[in-house]
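4 protein chains.
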Amino acid sequence: MSKNPDGKQIKVGILGATGTVGQRFVTLLAKHPWFTIHVLGASSRSAGKPYTLAVMWKQTTPIPSVVRDMIVRECHPKHFAECAVIFSGLDADAAGDIESAFRSADLAIFSNAKNYRRDPSVPLIQQALQNPPLKKGFIVTNANCSTTGYVIPLRALEKAFGPIESCLVTTMQAISGAGYPGVPGLDIIDNVVPYIGGEEEKMEWETLKILGGIADGDDGVKTFDMHARHPLRVSASCNRVPVIDGHTMCVSVRFQQKPPPSPQQVREALVAYTPEAQSIGCPSVPVHAIFVHEEPDRPQPRLDRYYQDGAGVSVGRVRQCPVLDIKFVVLANNVSIGAATSSIINAELAVLKGVVKVE
Amino acid sequence: MSKNPDGKQIKVGILGATGTVGQRFVTLLAKHPWFTIHVLGASSRSAGKPYTLAVMWKQTTPIPSVVRDMIVRECHPKHFAECAVIFSGLDADAAGDIESAFRSADLAIFSNAKNYRRDPSVPLIQQALQNPPLKKGFIVTNANCSTTGYVIPLRALEKAFGPIESCLVTTMQAISGAGYPGVPGLDIIDNVVPYIGGEEEKMEWETLKILGGIADGDDGVKTFDMHARHPLRVSASCNRVPVIDGHTMCVSVRFQQKPPPSPQQVREALVAYTPEAQSIGCPSVPVHAIFVHEEPDRPQPRLDRYYQDGAGVSVGRVRQCPVLDIKFVVLANNVSIGAATSSIINAELAVLKGVVKVE
Amino acid sequence: MSKNPDGKQIKVGILGATGTVGQRFVTLLAKHPWFTIHVLGASSRSAGKPYTLAVMWKQTTPIPSVVRDMIVRECHPKHFAECAVIFSGLDADAAGDIESAFRSADLAIFSNAKNYRRDPSVPLIQQALQNPPLKKGFIVTNANCSTTGYVIPLRALEKAFGPIESCLVTTMQAISGAGYPGVPGLDIIDNVVPYIGGEEEKMEWETLKILGGIADGDDGVKTFDMHARHPLRVSASCNRVPVIDGHTMCVSVRFQQKPPPSPQQVREALVAYTPEAQSIGCPSVPVHAIFVHEEPDRPQPRLDRYYQDGAGVSVGRVRQCPVLDIKFVVLANNVSIGAATSSIINAELAVLKGVVKVE
Amino acid sequence: MSKNPDGKQIKVGILGATGTVGQRFVTLLAKHPWFTIHVLGASSRSAGKPYTLAVMWKQTTPIPSVVRDMIVRECHPKHFAECAVIFSGLDADAAGDIESAFRSADLAIFSNAKNYRRDPSVPLIQQALQNPPLKKGFIVTNANCSTTGYVIPLRALEKAFGPIESCLVTTMQAISGAGYPGVPGLDIIDNVVPYIGGEEEKMEWETLKILGGIADGDDGVKTFDMHARHPLRVSASCNRVPVIDGHTMCVSVRFQQKPPPSPQQVREALVAYTPEAQSIGCPSVPVHAIFVHEEPDRPQPRLDRYYQDGAGVSVGRVRQCPVLDIKFVVLANNVSIGAATSSIINAELAVLKGVVKVE
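Chains as they are written, first to last, in UniProt numbering: chain X, 1 to 359; chain P, 1 to 359; chain W, 1 to 359; chain F, 1 to 359.
Because the hints were derived from the structure by calculation, they are not lab data. A portion of the hints provided could be inaccurate.
Pairs involving identical chains hold if they fit within one copy or between any two copies, as the list cannot separate such chains.
As the list claims (entries may be wrong) - Below, simulated SDA-like cross-link-like pairs (lysine to any residue); rule was C-alpha separation at most 20 Å, straight line:
| hint | residue 1 | residue 2 |
| --- | --- | --- |
| 1 | K49 | I10 |
| 2 | K159 | R229 |
| 3 | K202 | E294 |
| 4 | K58 | G197 |
| 5 | K58 | G182 |
| 6 | K202 | A228 |
| 7 | K202 | P283 |
| 8 | K353 | Q320 |
| 9 | K202 | M226 |
| 10 | K58 | D91 |
| 11 | K58 | E295 |
| 12 | K11 | P181 |
| 13 | K8 | A101 |
| 14 | K353 | I10 |
| 15 | K353 | P263 |
| 16 | K58 | D297 |
| 17 | K114 | P181 |
| 18 | K58 | E294 |
| 19 | K11 | E204 |
| 20 | K258 | R229 |
| 21 | K31 | S262 |
| 22 | K58 | D309 |
| 23 | K31 | D309 |
| 24 | K136 | G182 |
| 25 | K58 | Y306 |
| 26 | K49 | H38 |
Everything numeric in this text was worked out from a predicted model, so none of it was measured.
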């Protein structure tokens, strides 16, 4: 089992612990090599109850015994003062105020909520974590569950071949991406809904922030450059399909580099990609950050979404695109690498880089 | 009810009458204003039996009474000599020889099989029907069920705004497109299969043939020009989704015309589009060849696929594409306009234009 | 087209017209031979708006033109005074007060809500409509959508073979039975939920009320006898399955008559059954009140639920039961004969029997 | 990890190793504490190829590395001579001859095929394994995947309360029970098929053989008594539903004992049940052979089928049955305890009881 730098257990709290993402945090953190669940936070309706009674458990494994009888607390910073790391699975309507209050209380929040993603002081997933330097009391957010999955191969391609000029992505997204109760069965069985409110806009700008890196401002202050030095155009079309877990995406890209890389070169670059979180030793990053399938009909959500516990992404069908340069299929488990696992890797990276202090 | 030019019933035959597409032909032709089902053809295993016993009926309406007791024949031209029109729902492995034999016997075949689509003497759906002149004894094929749906709006756009320069389409196709038994339930429930063998290639070249029109060859012989005068690049990504009927497609296009039309201009052009088959009076063409939805989340296969008996196509979400010019969603009922209905319209057009002689 | 006794159009109102059942009432009544939609009632949130803007339409056919611009009213009796018949698709939490107020205003309500089903003065579907005599101002309710479907063949069997002694029914119910949004997609895709709150109890006692007929009380007042003269035990197990429309039920019955009828006798009795509503000429009763399938694998919801517009029930697989006497499969379209169609037939019967006065 | 009696690895072979059940055997045996996969057998089409190329792998975990390059053999006894145990996942059309040949070659076959289930010398699952004594060279078969799941609680009830007099079971079976390709997607999405050929008969007689135990014949030969001493009537109604894995069953039972046990007594008896295979230490039997749910809406296949790796069965909703005595819901994972896992437990039991000799 991996060891954290200081070799001791790190106390963590979970905000929104009874919700869909919160349940996933609980499941993953209960078996984490470094992190120990210390506080579970939820709404005042749940506060005061043992977790087993407060939660409507919807995971396919039973409630971990370590939290079964833990008393749920309200989401107030005073209950979380001993936690070196706070994970937030709060809904957007609650996350704004609560996460802000926690940040003001000098706590380190790793959030799955969308509220602070556009905040210029808030990094979006690990690529952006190193700089600008984070003050004590900060928020690191996940990207949208569809964005996270496909920027990982895009990042690998930019690392190998330089800037991407344009990217067209069509998603076929699982219903778990909409939370619970989420999408009514009547709307999705035997159906496709070719619209997810706000999703296309999120994919289009989040990609720029994540891939853009850090720019030096005129005043010496570092900022996110939104891929401005190498303007990147992104067009997303988002669809909901009758799949429980796992977002499938058809991606076409055009590179600035001419001639563009061949499909074989792209395949090799994806296989070779090692994210910093992997090389530095984050325990939740899998062996294959990107798994490249050779079979013609993979990846498929039902067969591939739980491989490596859903912490990697799968890519297949890398081939020429007659309109742009290269096209391929990406599968990402939206509830793992697209949500809770992503936050956990962010926190592991923050620990290893000393951004979070372990006492 | 529409009247055909000569006001009399036209005898038709159906090849492959017990198969999935054949059943659809039977259902539609049993209530057709001009055509009368005269012969049902199927394999030797079925020949000699009454239709009711030969068929494993899978439609949601009962077997039409007019064919219940009709004795199924082998697919030999001698049984079909009195038929002015032959519809073929044969599988590809049978269609090659049988359709060729029927053509040699001076019969007019309107086929849903893929075998002769690339034949330079064979028109692909109605756009290409007028020329080059067809000799007595000919085949007119449908395009692939995914192609037919999305070329109708492309055709409308080219008519209004001139040549399209490139088109990127991602499909989410219903399982009925694979016939019966087709896609195993184990492969498709709670899943997406991001691959359909040969489908992307078909969409990419069929689009060129259908939209390309007729060219004058050096030797005075007219040929299909495969959109060669205005080279069009098409990139298709084809996916199978857990939907019974109705192919949903996300389409992005770039026009040659600069500046390109606005989304509103595109919407208006789609609404205004009247295909020749409609203006000339083919009874199976619906009032709205293209129905344009204003709601943000339409078209959806389960709600919109049976509108107008599936004979039109639905378009929605017309908007700017940050990479190409315009993007939108298309829904086409693959078993109606994508298959049997398309052949029937081709035949109606052939009757009205005198290509098929009604005695 | 059928004629009502007085040959004139009958004005009807619809309560809860924007809901799932209300939309179904609108769809059916817009093409009804006798009834004319005169008023649409909904909540104060919808009141004052044209129907097109008030409703989130979920039917597979477009909103009927006759109601598109009709202004929705609040559910107050004063707006419905001219209506000879009121159909109610209200939710249970609204139906109690509103239907009571309408009854007090001497209106005739045909309701799909569950609130007054147990009321001793309220008949449950048409079998019970004739007696006890209804005063001016009354409510007739539908049974639960699962009950209605299977009591029709039970009624036919009791008519042919005398009292049933016990009945064990296991249902596989469509999600549309739970209304909209109803069952979350996350709960039902690739799943069965073996529990529907209150459903088993409803099936168990409603069956007794519907089949029980009318008893003479000691004081000369007629009451529903709840099958008390021939005690009938019913055991229901209710399951939700991933089906959009159509409840499938496996039914086993034991007869009081010894020896019990054979499967063939049961089949013949079901085919021969003509409910009073059919013999008296209700236009919404189909030709086959019960359609008996001979194929071994029918009825199936996807193939058979829309036959005869969903107004009949399908029965198949009539065979010996090794534990009770006879077992068979029933399919009933829960949104048609199980809901709106049932109310409409009740109202047609009330008109034909003079219970509702047509002015 | 459990130790087998002799503490050494036991070589096993798998017949039909490339099929659906065979893949499941491979997955489970690759991590088994006692058994080592020694030979993989398949049809002559696959023989000679490395397993990776011979198989169309459909599991959600990758092919175990230990078998990836193993060369597949034909199903001939000579290749399996060193195997102490042979598992058979053969299809019924191949199993008859091959299993017979293996038995004649003095091999011990644990089969999932149906061919020899009725054979009076062949035990059906572990309950019947001890007697009559098996000669060297024998077949032990699984029961049908639906039978296995529900006889486990029936067995527990008979152990606690004496003979069951009658049992009525309605199944909602997963499509994986039909193998691959199995049920076409077109037949099962948004549908229920109320018929599975031969399944009801299998459940009805297999139950008698499994629960019946061993009888002394007049000639001193022990035979299976088919529950003849306590005649048990079973009525099964089998349905296919759109679920990938996991058979859900609604069961009603009547006991011979009067008064019958209460629901609470039944619950306690199910929880307390320890099958012999568990008490004797078979490593594949889970802690909870029967897990009893207290929540009103469980078990559900999607949430509960993989609990304990699918090796236990789940029971819920234990309650009074108004027609028989007690009713409840059973969930059993048809591909685990209903198929491969059941054979493996049979083999473990045979090892521990010395029926299979470990050299």
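Now for the hints, and whether the structure bears them out:
1. Taking the closest pair of Cα atoms, K49 and I10 never come within 20 Å of each other, the shortest separation being 24 Å inside a single copy and 50 Å across copies.
2. Only within a single protomer do K159 and R229 lie at most 20 Å apart by alpha-carbon distance; the minimum there is 15 Å, versus 39 Å between protomers.
3. Taking the shortest Cα distances, K202 and E294 never come within 20 Å of each other, neither inside one copy (31 Å) nor across copies (22 Å).
4. When the C-alpha separation of K58 and G197 is checked against a cutoff of 20 Å, the pair qualifies only between copies, where the shortest distance is 19 Å, while the shortest distance within a copy is 25 Å.
5. In this assembly of identical chains, K58 and G182 lie within 20 Å of each other by CA distance both inside one copy and across copies; the values are 13 Å within and 17 Å between.
6. In this homomeric assembly, K202 and A228 come within 20 Å of each other (Cα to Cα) only inside a single copy, at 17 Å, whereas the closest approach across copies is 39 Å.
7. Within a single copy, K202 and P283 get their C-alpha atoms no closer than 29 Å, and across copies no closer than 46 Å, so neither meets the 20 Å cut-off.
8. In this assembly of identical chains, the alpha carbons of K353 and Q320 never lie at most 20 Å apart, being 39 Å within a copy and 42 Å across copies at closest.
9. Proximity of K202 to M226 under the C-alpha cut-off of 20 Å is restricted to the intra-copy arrangement: shortest distance 13 Å within a copy versus 39 Å between copies.
10. Taking the closest pair of Cα atoms, K58 and D91 come within 20 Å of each other only inside a single copy of the chain (17 Å); across copies the shortest separation is 28 Å, beyond that limit.
11. Taking identical chains as interchangeable, the C-alpha atoms of K58 and E295 lie at most 20 Å apart only when they sit on different chains, with a minimum of 12 Å there against 33 Å within one chain.
12. Taking CA atoms no more than 20 Å apart as the test, K11 paired with P181 passes in neither setting, with 31 Å inside one copy and 40 Å between copies.
13. Taking the shortest alpha-carbon separations for K8 and A101, neither the intra-copy value of 28 Å nor the inter-copy value of 61 Å comes in at or below 20 Å.
14. In this homomeric assembly, K353 and I10 come within 20 Å of each other (Cα to Cα) only inside a single copy, at 15 Å, whereas the closest approach across copies is 49 Å.
15. With identical chains, the CA atoms of K353 and P263 are never at most 20 Å apart, being 35 Å at best within one copy and 48 Å at best between copies.
16. With identical chains, the CA atoms of K58 and D297 are at most 20 Å apart between copies only, with a shortest distance of 12 Å across copies and 30 Å within one.
17. Proximity of K114 and P181 under a CA criterion of 20 Å is satisfied intra-copy only: 19 Å inside one chain copy versus 25 Å between copies.
18. Taking CA atoms no more than 20 Å apart as the test, K58 paired with E294 passes between copies only; the shortest distance there is 15 Å, against 34 Å inside one copy.
19. Taking the shortest alpha-carbon separations for K11 and E204, neither the intra-copy value of 36 Å nor the inter-copy value of 53 Å comes in at or below 20 Å.
20. Proximity of K258 and R229 under a CA criterion of 20 Å is satisfied intra-copy only: 18 Å inside one chain copy versus 27 Å between copies.
21. Within a single copy, K31 and S262 get their C-alpha atoms no closer than 41 Å, and across copies no closer than 40 Å, so neither meets the 20 Å cut-off.
22. Taking the shortest alpha-carbon separations for K58 and D309, both the intra-copy value of 17 Å and the inter-copy value of 17 Å come in at or below 20 Å.
23. For a Cα distance limit of 20 Å, the shortest separation of K31 from D309 qualifies both inside one copy, at 12 Å, and across copies, at 18 Å.
24. In this homomeric assembly, K136 and G182 never come within 20 Å of each other (Cα to Cα): the closest approach is 35 Å inside a single copy and 45 Å across copies.
25. When the C-alpha separation of K58 and Y306 is checked against a cutoff of 20 Å, the pair qualifies both within a copy, at 16 Å, and between copies, at 13 Å.
26. Within a single copy, K49 and H38 get their C-alpha atoms as close as 15 Å, which meets the 20 Å cut-off; across copies the closest is 52 Å, which misses it.
Of the hints listed earlier, those the structure fails to meet are numbers 1, 3, 7, 8, 12, 13, 15, 19, 21 and 24, in rising order.
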